[in-house]
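For chain A, the structure is supplied; the task is to place chains B, C and D on it using the hints.
Number of protein chains: 4
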Amino acid sequence: MPLDASARGVYPIAPTPFHPDGRIDFDSIDRLTEFYLGCGATGLTVLGVMGEAPKLDHAEGLAVATRFIRRAGNLPVIVGVSAPGFAAMAGLARAGMEAGAAGVMIAPPNTLRTDDQIATYYRQAAEAIGPDVPFVIQDYPLNFSVVMTPGVIRRIVQENANCVMLKHEDWPGLEKISQLRAFEADGAMRRISILCGNGGLFLDFECERGADGAMTGYAFPDMLMDVVRLAQAGERDRAHDLFDAHLPLLRYEQQPGVGLAIRKYVMARRGLIASDAQRKPAGGMSATARAEVEYLLARLARHDPRAAV
Amino acid sequence: MPLDASARGVYPIAPTPFHPDGRIDFDSIDRLTEFYLGCGATGLTVLGVMGEAPKLDHAEGLAVATRFIRRAGNLPVIVGVSAPGFAAMAGLARAGMEAGAAGVMIAPPNTLRTDDQIATYYRQAAEAIGPDVPFVIQDYPLNFSVVMTPGVIRRIVQENANCVMLKHEDWPGLEKISQLRAFEADGAMRRISILCGNGGLFLDFECERGADGAMTGYAFPDMLMDVVRLAQAGERDRAHDLFDAHLPLLRYEQQPGVGLAIRKYVMARRGLIASDAQRKPAGGMSATARAEVEYLLARLARHDPRAAV
Amino acid sequence: MPLDASARGVYPIAPTPFHPDGRIDFDSIDRLTEFYLGCGATGLTVLGVMGEAPKLDHAEGLAVATRFIRRAGNLPVIVGVSAPGFAAMAGLARAGMEAGAAGVMIAPPNTLRTDDQIATYYRQAAEAIGPDVPFVIQDYPLNFSVVMTPGVIRRIVQENANCVMLKHEDWPGLEKISQLRAFEADGAMRRISILCGNGGLFLDFECERGADGAMTGYAFPDMLMDVVRLAQAGERDRAHDLFDAHLPLLRYEQQPGVGLAIRKYVMARRGLIASDAQRKPAGGMSATARAEVEYLLARLARHDPRAAV
Amino acid sequence: MPLDASARGVYPIAPTPFHPDGRIDFDSIDRLTEFYLGCGATGLTVLGVMGEAPKLDHAEGLAVATRFIRRAGNLPVIVGVSAPGFAAMAGLARAGMEAGAAGVMIAPPNTLRTDDQIATYYRQAAEAIGPDVPFVIQDYPLNFSVVMTPGVIRRIVQENANCVMLKHEDWPGLEKISQLRAFEADGAMRRISILCGNGGLFLDFECERGADGAMTGYAFPDMLMDVVRLAQAGERDRAHDLFDAHLPLLRYEQQPGVGLAIRKYVMARRGLIASDAQRKPAGGMSATARAEVEYLLARLARHDPRAAV
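Chains as they are written, first to last, in my numbering: chain A, -18 to 290; chain B, -18 to 290; chain C, -18 to 290; chain D, -18 to 290.
FYI, nobody ran anything at the bench for these hints, they're computed from the structure. The model shown is predicted, which means the values in this text are computed figures rather than measured ones. It is possible that part of the hints are untrue.
Identical copies carry no separate label here, and so any pair may be met within one copy or between two of them.
When the alpha-carbon atoms are kept at most 20 Å apart in a straight line, the in silico EDC-like pairs for lysine to aspartate or glutamate are as follows [stated by the list, open to error]: (1) Lys261 x Glu108; (2) Lys261 x Asp218; (3) Lys261 x Glu140; (4) Lys157 x Glu41.
Excised from the complex, chain A in its bound form (with noise of 0.2 Å):
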């Protein structure tokens, strides 16, 4: 079934599982969509930046996200299909679809600056991907350079029909959320999902501003899942104090360039990937950085017991 609008919850972003010696881990991206699907989450997102996509070629990378859709059954999940160009995204996106994803995300090149820049290229990657092929923008300027005013977002959503979902990661993003919903409730733009992703480091707020839930690569998701679940349910203080039994945690696996070797040191730690293992580059853990990780976990699991590795 296709993405739409109506997207809500939380869809991890998964990670590629290796070997030690840089092979694709089918098994353990079977064992690891097990885990999502038991834990509640309402959707996947695999070959984003956390799923090491630029490292894959592109039949892995094809191979990867099938054996995903596979496994996930009706679980949608979305498929990262930024490129260089828009011939390989084109590929990649028809190929995914073909496989059965919901729909795919597309990050802009870290070259774009203005306005009409960024709105050009949305037009010209949702031509290239055809009109019925469901995107989700990615907002994520820490990362990518490229910063999107709610105005731009807003052209973008009404110029493309295509467009269904914003993966929200500026920073800060919580003003950014409530104009974009500003808009919407005043007619000037359609609705659109909106999942947020930067680690998930303002989850707690960015519900309550508006947002749908999480798109985040955030080690324990199920914890995320409850956050959602409590903000959504009204439920402020039993959100709040969940999020802040994480939030040391989270914030540590938040770290640009070394979050991704954290969180996969602990997905191993929790047995749902068999290796930690990262093609390179990769930013790895000193022996240090591992104690301090596993300090975190053991003050996390007095707060959440559910939390225990």
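For chains B, C and D alone, coordinates are given in the frame of chain A:
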């Protein structure tokens, strides 16, 4: 007394208080300084990014620094002297030292790229301010877009005898602290003081990695002092407990652009400054953001009763 | 007489002459100004990038500007007032206008990204200098990393009545001139003066596209004036012939970083300034580079005997 | 025959010819290659920035490279293999070498900042393509925002035996050539081939500084060959005379973004390719721009009759 490499504890980054009409509020400077003195600060930094230094002209900047210095008595005061050219930098450094500053802080211009460019810049800056003026390197890539490896910092330290401190706010930055301390242990670099910025977001672990304390503008510097003290006393769990209680607010404050508005708001709420006014250009706070901060303050007060406002 | 939108011809960007020991060389300011007056310049711009403005402190900058203004007599002088904050900018603008400047030039800080950020910056700057001070937008993406679309320039012009001129140095930029003139022809923007920088590298065609002349620091401004005059008189081939004769040297001068060294060298060779000294940080010229410039000068003199030095 | 450090002359950067509907025009590849063979090119580079490489998917890129390689016969062909990750880079390098390429060219990703990051990137890239594949460093800061000092280039050369050439397009860059040749003369670096890009804008002096020739896409590569030949034969004045005759057009072509449109237009006018079509995103030419190019072509033909089109 001139700043030297033995500096430790907490040097709050002081905001510059303004009246709502944009005039400098010198009475609030006095009140703020009293507060810092009363709560155990070991030093003070003025005219930093958070001090809205670029919005002051030369005479105003000097007047602000002088007022802080006089009121601070024996507390060492570091004056930010970053400027687009060496003439203005040297002028402010000279005037600040004559007014009683303990040292100056220098950020790199955001056009520097290569290791050689960075090292050359600090050599020329050190020459411009003169060999008798102790200086602090401000290493803040997220804000300045200048990336300094540990090796480059070592070059700056070794080439300039008057370099006595690093304001460390790289992100991620824990391994950098360990690396610099390892250089020192190996005899490859003389010892410098390392105080950490970045809003304090990793202060819990930075102290354990060998940092001497904090230099940041979090609105509860009194709590940062306790964290540093507990960490240095080996009370690891208590240090983290206190830190974690503040983390939700601290993280909220650390948002680029709007962070200063939040800090001034909290400081005004605490009665430390009369108004949260900023000069233009300024990021403001929406009513929703103010309500979020109030909510965080209320939650914080439950964990740390001394933080009640 | 204040600068207005009818300005045309050539406004050379004047270097700031220094003695070899770094002191300002006021006698050379006089000699240089005489030269500009004598060769038909229609105006003058001081304290630009090429004027090493950031290397002067406030008092020095004002002294340099004042000296040029006094000597220039009726020639309108534009003073660069770009600064890291509005207090310094407004202070220099006020003092410059009191000293007799015709207007000021404002470059955007290199942190601006979105259309809104750029327009807001100029609105705040215009407010800071005051509505009675005519100003020039400096649009130089290669140096400032700020990309202004024609639409953004139109916004600045329409929102600020005191914006009277564009220093155009986008690259590529020919279509931008055509676009802005088309806005004017359509009644979508009021007329402004457009003078071109970028070392003059496209001046031959810029005049044909509708530019009013040049504002650049090429060491033979006398020849630029002839090119502009010929182009405006419709003597297309002769304009290009003259321009092409200068192009090899002009191109050599337009190298970022070292360009100023080359210009000061040629100006000293022409006897326009006493020394080619720059303040630090400065890009120097190797012996080989000097020999290359001499070779280019010799070749130029064969094509344009008036250029013999 | 694999590329080695003795390469010299002119390696034109070939555009990828397209039909107006976006399909690859293989017949034009043949015609273009015949032209290069006929006019004295000593090699050929395909799938560079100018070859619109990112707009081709993997299979298309390989098909284009293969067609050029086959037609080129004994002429060494360098294949651009820059890619967002090492898997795609290694895949294209392997396939290209199997198809008969002489070597590959690697540009740095625009996120690299420090000396160590750059050196590490090339070490990992060299490892990814394998020690038997000769490679070219592309040093083009204006386009890639990566600044490589001569010292960093020396590190790359010394650390990777398969690094045999520098595509030099730093700006300014003359001193860099001299510095690298001085390293070689001092025995501090083994000899590499240096071919110059940057549209050829400084080719006249680059040859004199020690460059081995040019690797650029100027639409009259035949003239570049003559310039290189004359320079290498010590015919300084004649080399400059010829170069200067082409400089007005060459400068016009070297405009970022629109440069490729201009080159394809001129090549189509010369009959070297059937159409000047580009794939999206593409900078186009206005009617005015086309008229300007025609004017430049007409003027060029008067100076260099062989350039008549």
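Now the hints, each set against the structure:
1. Lys261 x Glu108: between (33 Å within a copy, 11 Å between copies)
2. Lys261 x Asp218: neither (42 Å within a copy, 36 Å between copies)
3. Lys261 x Glu140: Classified as between: cross-chain Cα gap 18 Å, same-chain 38 Å, threshold 20 Å.
4. Lys157 x Glu41: Cα proximity of Lys157 and Glu41: none, with 36 Å in one copy and 35 Å across.
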